[in-house]
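Sequence order for the protein chains is A and B. Numbering-wise, our numbering puts 208 at position 208 of the first sequence, and it's gapless, one number per residue. Numbering-wise, our numbering puts 154 at position 154 of the second sequence, and it's gapless, one number per residue.
Do not take every clue at face value.
From the structure, some residues in chain A lie toward chain B, with a derived Cβ separation under 8 Å [what the hints assert, rightly or not]:
id, residue
1, E103
2, P166
3, L167
4, G175
5, D262
6, V284
Some chain A residues flagged as far from chain B (calculated, every beta-carbon gap over 10 Å) [said to hold, decoys possible]:
id, residue
7, P48
8, E148
9, R273
DSS-like, lysine-lysine: derived pairs with alpha carbons at most 30 Å apart [stated by the list, open to error]:
id, chain 1, residue 1, chain 2, residue 2
10, A, K183, A, K41
11, B, K41, B, K221
12, B, K150, B, K41
13, B, K183, B, K224
14, B, K150, A, K183
15, A, K179, A, K150
16, A, K283, A, K237
17, B, K150, B, K194
18, A, K183, B, K283
19, A, K194, B, K179
20, A, K212, A, K237
21, A, K41, A, K85
22, B, K179, A, K183
23, B, K221, A, K179
24, B, K41, B, K212
25, B, K183, B, K221
26, B, K237, B, K194
27, B, K179, B, K150
28, B, K212, B, K183
29, B, K283, B, K85
30, B, K283, A, K283
31, A, K183, B, K194
32, A, K283, A, K150
33, B, K179, A, K179
34, B, K150, A, K212
35, A, K85, A, K237
36, B, K212, B, K150
37, A, K221, B, K179
38, B, K183, A, K194
39, A, K179, B, K212
40, A, K212, B, K194
Bear in mind the hints are in silico, worked out from the structure with no lab data behind them. Just so we're clear, the structure is a prediction, and the values are computed from it rather than from any experiment. No residue lacks a Cβ here, since even glycine has one placed at the ideal position from N, Cα and C.
2 protein chains.
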Amino acid sequence: MADKKNDASSGRRYRLLANPTSDNDMIGIFDSGVGGMTVAKAVEQALPDHRLIYFGDLARTPYGSKSPETITDYARQDTEFLLAKGARLIIIACNTAASIASEQLRREFDVPIFEVITPAVDKAIATSSSGRIGVIGTRATVNSGVYEEKIRAQASEAKVFSQPCPLLVPLVEEGWLDKRETKMILRRYLAPLKRHQVDTLVLGCTHYPLLKELIQPRIGKRTKVIDSSREVADCLKNYLATHPELDSQLRHGGSNRYYVSDLTEAAGSIARRIFGRPMELHKVTI
Amino acid sequence: MADKKNDASSGRRYRLLANPTSDNDMIGIFDSGVGGMTVAKAVEQALPDHRLIYFGDLARTPYGSKSPETITDYARQDTEFLLAKGARLIIIACNTAASIASEQLRREFDVPIFEVITPAVDKAIATSSSGRIGVIGTRATVNSGVYEEKIRAQASEAKVFSQPCPLLVPLVEEGWLDKRETKMILRRYLAPLKRHQVDTLVLGCTHYPLLKELIQPRIGKRTKVIDSSREVADCLKNYLATHPELDSQLRHGGSNRYYVSDLTEAAGSIARRIFGRPMELHKVTI
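Here chain A stands alone, though its shape is the one from the complex (with noise of 0.2 Å):
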């Protein structure tokens, strides 16, 4: 699908020809590891007829406590594998990633690069009437700035309260979602939100939509929790409605794919939970 590759020290860049329609032709998913798939769930309940194909990096997941370097190198990697399998547009489904790598993707690949944070933004702005934001996330994406910024850029007078929750995706990926423990390290995480009193918290990490039933209570019911998964999923139908060429190309009968850069129970068993039915998870190298 890519017809020019070009290892100019500006980094590869791929070009894409208005070839004819392909059954190849997808949209391209990448996460660290499984937490991306409540964003692949939510694309495949928005565009049915679409086909996807998602790579999670478990191999070397967690992204989120890794220097931006390393960060910027492993979705450079992603991003290769999901094009040259046949993506015609991307979705960093990972906020990590998102907040360190996607400038610099959207510098080295021309195919549309979506993320999880953008959208979320925008959501939050929209909703917020007291413009007292909080945004949840890993170390490296609330380390990054990239919410205030963002949400700074289109709201100045917001304020942003963001809290680093690493301990969140290790007790998701053990399948703790309802264990004492969690709901105590969640309100002492939420804790500083709730007394800057945010009337709108963004989840910023995939992982966490799967802690949305603890975490709505212990914020509190009157603050609006945005999902960005979903608002992921909405803001590619939109793009889609708009890009009828890109559209049709992206529908065909092929089936949905899910590869992962290493095996193991515990992703099987949190992919299960996720799309509530068994899925296949094939392993590759990159």
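Take the given structure of chain A and dock chain B to it, following the hints.
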């Protein structure tokens, strides 16, 4: 230092000659991240005149939740890196890699390969009077069954009770060494072992010595806690006492070097906590 490198189907083999002493000759230690620094510290204390080189695979940490195949690949690459830098023997300072990959590495590399499991097993058998021995570790270590197998090979009447504790590594890496949630999670993990009345508990993960002060009161003061970091350092010291040529090769004026495949603030701070001094970590790509 390797005079022959043979990419036969059995894997690469490094053969050591009795070549002249070099200032590069070192004790090589690797771990998936920073936990293995508890081993490096114990080796520094046991063998202060010997030089060591450490590699922490922070770019791909943790290993404990990954598949045996991926863990073996990573362990092989870590070993190759250390040998290329001048290691004359290897300590696998990661229980996960030791449990999954040590036999394979011994087949592939012609250098002495130590690991954290065997010395801890020997000590546990020597210590236990009831023969009821507990083991805590990552999910991969516990699933491998290696502790049970090794203990029962030497003490067939022993009863081994193993408990995976997958949240302890993230808790240590967060520095939550004295938080209420950490204590609750530890109590939950240790409860079955307490019920089984183990009289000896092996810390089967190199992160866990950092939690020893919390573990001892929760498992009970009559249970002896075995720290594999200290045991492997003693084992190496005994080995070198009977191998004077290698021993003298490793004693020279060079300085100990600490390499990591990713550099993060959190890693620096855990390293400082383990060694009680600021540590210079060198980033390498392997």
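Consistency of the hints with the structure:
Here the hint on A:E103 is broken, as its CB sits about 21 Å from the closest CB of chain B, past 8 Å. About 6 Å separates the beta-carbon of A:P166 from the nearest beta-carbon of chain B, less than 8 Å, and the hint is met. The interface hint given for A:L167 is met, as the beta carbon of that residue sits about 6 Å from the closest beta carbon of chain B, less than 8 Å. Given the 8 Å rule on beta carbons, the hint for A:G175 is violated: about 10 Å separates it from the nearest Cβ of chain B.
Below 8 Å, beta-carbon pairs count as interface contacts, and A:D262 has one with chain B at about 5 Å; its hint therefore holds. This hint is violated: A:V284 has a C-beta 12 Å from the nearest C-beta of chain B, more than the 8 Å allowed. With a least CB separation of 32 Å from chain B, A:P48 remains clear of the 10 Å interface cut-off, as annotated. Against the 10 Å criterion, A:E148 stays outside the reach of chain B, whose nearest CB is about 19 Å from its own CB.
For A:R273, the shortest C-beta to C-beta distance to chain B comes to about 16 Å, beyond the 10 Å cut-off, and the non-interface label holds. A threshold of 30 Å between alpha carbons decides the hint, and for A:K183 with A:K41 the separation of about 25 Å falls inside it, so the pair holds. A hinted pair counts as satisfied when its Cα atoms are at most 30 Å apart, and B:K41 with B:K221 qualifies at roughly 25 Å. Only pairs whose Cα atoms come within 30 Å are accepted, and B:K150 paired with B:K41 is accepted, the gap being roughly 26 Å.
Of the supplied pair hints, the one linking B:K183 and B:K224 holds, its CA atoms being roughly 19 Å apart against a limit of 30 Å. For the suggested pair B:K150 and A:K183, the alpha carbons sit about 38 Å apart, so the restraint of at most 30 Å is broken. With a CA separation close to 34 Å, the supplied pair A:K179 and A:K150 exceeds the 30 Å bound. Of the pairs offered as hints, the one joining A:K283 and A:K237 holds, with about 29 Å between alpha carbons and a cut-off of 30 Å not exceeded.
Restraint check: the Cα-Cα separation between B:K150 and B:K194 comes to about 22 Å, which is no more than 30 Å; the hinted pair holds. Using a Cα cut-off of 30 Å, the hinted pair A:K183 and B:K283 is violated, with the two alpha carbons roughly 37 Å apart. Taking the CA atoms of A:K194 and B:K179, the gap is near 21 Å; set against the 30 Å cutoff, the hint holds. The straight-line distance between the Cα atoms of A:K212 and A:K237 is roughly 23 Å, inside the 30 Å bound, and the hint therefore holds.
For the suggested pair A:K41 and A:K85, the alpha carbons sit about 20 Å apart, so the restraint of at most 30 Å is met. At roughly 14 Å between alpha-carbon atoms, B:K179 and A:K183 fall within 30 Å of each other, so this suggested pair holds. Our distance criterion of 30 Å between C-alpha atoms is met by B:K221 and A:K179, whose separation comes to about 28 Å. Annotation: proposed proximity of B:K41 to B:K212 holds, straight-line Cα distance about 16 Å (limit 30 Å).
With a C-alpha separation of about 16 Å, the suggested pairing of B:K183 with B:K221 holds against the 30 Å cut-off. Straight-line distance between C-alpha atoms of B:K237 and B:K194 comes to about 33 Å, which puts the hinted pair past the 30 Å bound. Restraint check: the Cα-Cα separation between B:K179 and B:K150 comes to about 34 Å, which exceeds 30 Å; the hinted pair is violated. A hinted pair counts as satisfied when its Cα atoms are at most 30 Å apart, and B:K212 with B:K183 qualifies at roughly 11 Å.
For the hint pairing B:K283 with B:K85, the CA-to-CA distance comes to about 14 Å; that is within 30 Å, so the pair holds. Using a Cα cut-off of 30 Å, the hinted pair B:K283 and A:K283 holds, with the two alpha carbons roughly 29 Å apart. Of the supplied pair hints, the one linking A:K183 and B:K194 holds, its CA atoms being roughly 25 Å apart against a limit of 30 Å. Between A:K283 and A:K150 the CA atoms are separated by roughly 36 Å; this puts the pair beyond 30 Å, and the hint is violated.
For the suggested pair B:K179 and A:K179, the alpha carbons sit about 17 Å apart, so the restraint of at most 30 Å is met. Distance check on the hinted pair: B:K150 and A:K212 sit about 44 Å apart at the alpha-carbon level, beyond 30 Å; violated. For the hint linking A:K85 to A:K237, the alpha-carbon distance of about 22 Å falls within 30 Å, and the restraint holds. At roughly 23 Å between alpha-carbon atoms, B:K212 and B:K150 fall within 30 Å of each other, so this suggested pair holds.
Between the alpha carbons of A:K221 and B:K179 the distance comes to roughly 28 Å, so the proposed pair stays at or under 30 Å and holds. A distance of roughly 25 Å separates the Cα atoms of B:K183 and A:K194; the hinted pair therefore holds under the 30 Å criterion. With a C-alpha separation of about 24 Å, the suggested pair A:K179 and B:K212 falls inside the 30 Å cut-off, and the hint holds. This hinted pair does not check out: A:K212 and B:K194 have alpha carbons roughly 34 Å apart, beyond 30 Å.
Going through the hint list in order, the structure does not satisfy hints 1, 4, 6, 14, 15, 18, 26, 27, 32, 34, 40.
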